[in-house]
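K.L.:
Spelled out from the first residue to the last, the chains are:
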Amino acid sequence: MEWAIHIAGAGEARTELCPEEIDRFEPGAALRPTVRLAAKLIGEYFGPVRFTRCVYGNEFCEHLIPDRELLKQSLAAACERGLRFTLLTPYVSDAGIDALRPLLDLLDREGDACEVVFNDWGVLNLLRRDYPNLVPVQGRLMNKSLRDPRITGVYGASDAPATTLVALRRSNLDCASYTEFLRRLGVEHVELDNLPQGVDLSFVEGDIKTSLYMPFGFISTSRICMAAGIHYSKRDKFQPGAPCHHECQASLLKYTYTNSPFDNRDQGFYLKGNTYFYTHTEAMMRAVFEQSRAGLIHRLVFQPRLPMTWERIS
Amino acid sequence: MKILAPISSYDELEMLAESGAEEFYCGIVPREWTERYTGAVWLNRRSPKGGSLETFSDMKRLVDHAHRLGIPVFITLNAPYYTGEQLAWVTELARRLDGEAGPDALIVTDINLLLQLSLAGLNAALHVSSVAATLNTEAIGFLLQFNPSRIILPRSLTIPEIERVVANCRDRVEIEVFMLNDGCAFEEGFCATTHHHAVGAFCTSLSEMDTEFEASRGRRLTYRQEARLRRNLSDYREWIWYVNGNGCGATPAGLPYGPCGLCAVHDFQRMGVASLKIVGREASPFKKMASVRMVRDIVDRVRRGSSKLVTIERARSLRGSYEHCDSGFMCYYKVDATER
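Each protein sequence line maps, in turn, to chains A and B.
When you line the first sequence up against the numbering used here, it's residues 1101 to 1414, in that order.
When you line the second sequence up against the numbering used here, it's residues 12 to 351, in that order.
Among the hints, a few may not be true.
These stretches of chain A come out as covered by chain B in the derived footprint (C-beta under 8 Å, 3 or more residues) [as the list claims (entries may be wrong)]: (1) 1123-1137; (2) 1254-1262; (3) 1276-1287.
Computed footprint of chain B on chain A, listed as stretches where at least three residues anywhere in the stretch have a Cβ under 8 Å from a Cβ of chain B [to be verified]: (4) 1183-1196; (5) 1308-1322; (6) 1339-1353.
Hints in this document: simulated from the structure, not taken from any laboratory.
Built from N, CA and C at the ideal position, the CB exists for glycine as well.
Based on the provided sequences and hints, a complete structural model is requested.
P.N.:
Structure, rendered in structure tokens:
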């Protein structure tokens, strides 16, 4: 199994990274316990971990697509340290497609085939037509399994009918017709979230490879960003794709599920920019590590902070 | 440019047709689905008891009558994904609907189902649901391999973005856009939550939760920063209230509040948009009728050649609630009234 780390920029790629160096990643007080738990359990299950791949970019917002120069620096730093490289891309408007082209041009000129994670069919279309040297990977936003931590975890722990649980733990990836379709498009690797109701990876018996992110999962994302609204007059707030100053970088908003009809009223949800996340529980992490040991997960991507960082050009 | 109305029972048909509906869409949830998957797993983005027909005979009766009136009917099979077991079941459902009820199109989200149905030799055309999150021209290029006759754009595209997409694709596929009712705070195709009645919609549920801001990089928020963030959160919660149909409200005359694109009808006609979607399969018959009448009123004016400014003034006057229009939070689209 391969270990990957989501880096915020070239500076992180230049140094030896390990999960235990939590404070270096500045996850924030609210999320530090989750990152610390993940690091502890990684050590318990796998011993000292050496990352052999770095993941760079953003899956959720086209305003967080990195600048070409910064990508160049991160790529160079990764190459220096012998790390393989994956660029994350978000869902995009036509303007977002335009913003991605120079990045893909840059990656395309690299000798080693870089991976590009797509979370938009348009990005895959672009990759296949104009960048056949790049390796497309289906992103976790393209996996449509429900991951509503308000309730799907409750289903997972209940005596819900087996047919219901199977449907909730799987996705269209358990259809051979779909994985075959992906292969025809040159996609042999898919990314997943760790679901509150559990992940059924029985489809991995085929020859498609899997990555799983930890210790955060996404709940929902939007082209309408609460954080970006702060600098607009009230009437002009909350417009799709509105230009921003990356206000998302300044703070995190934690929600507590105090209005739950179940007994999970201490459950937290975390809004960073335009996207809501949940944290993995210890049971969820242990379940995934067991699946990793069983060979059902080919890559674990450690995200030591919510994956919404954006670098300013200095 | 057609007016697409939701319908959930045969009894609504005459009323909606007389009110001005020019296309219908509806869902079907056979009892076998609910018995197998319970209310936790939805066949077509609506709760089994929320806005779908239940039997093939009901569907055939509805489609036949609509066709007698010259109105096409589209059926939703638009869950974000189907597992292998479900795919076989839904593909067979599509074949049976195609053979027995004769709908004009099936509305599909899951790429794998789209692939299967494109190979199935159905009479019905295929429409790509807004849940597929088709946000750019490249994505439409990708989807054209399945030969859809129509692509439904998500609510979250702006007027200039829609214009660019339509200009690039109009000759190859019809484009449908949202016109009235029921917003979505998130990108529908990338929202992994459920609207199950036990928890409700995630976006509205958030408005009732305790919150705490944390500054990044170990900093502390000043009192002023915190107050500013709180004001913005309060505005956001107000916006969510509008997204949720102004708390599911209506004018004294019964005209629905909530997300609205009437001011953009003039622009959509100019661009060559094929269809204007009214949301709300699960809405009451009266709300459906009132919604169709509102859209028809504006579309008729645009068809008769009313100027953009006059059309916008009429759209704003329909509900008689200028304060909601002026809030800016009830609009699907920001329209530049000074453009021709």
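K.L.:
Hint by hint, which ones does the structure fall short of?
P.N.:
Structure breaks no hint.
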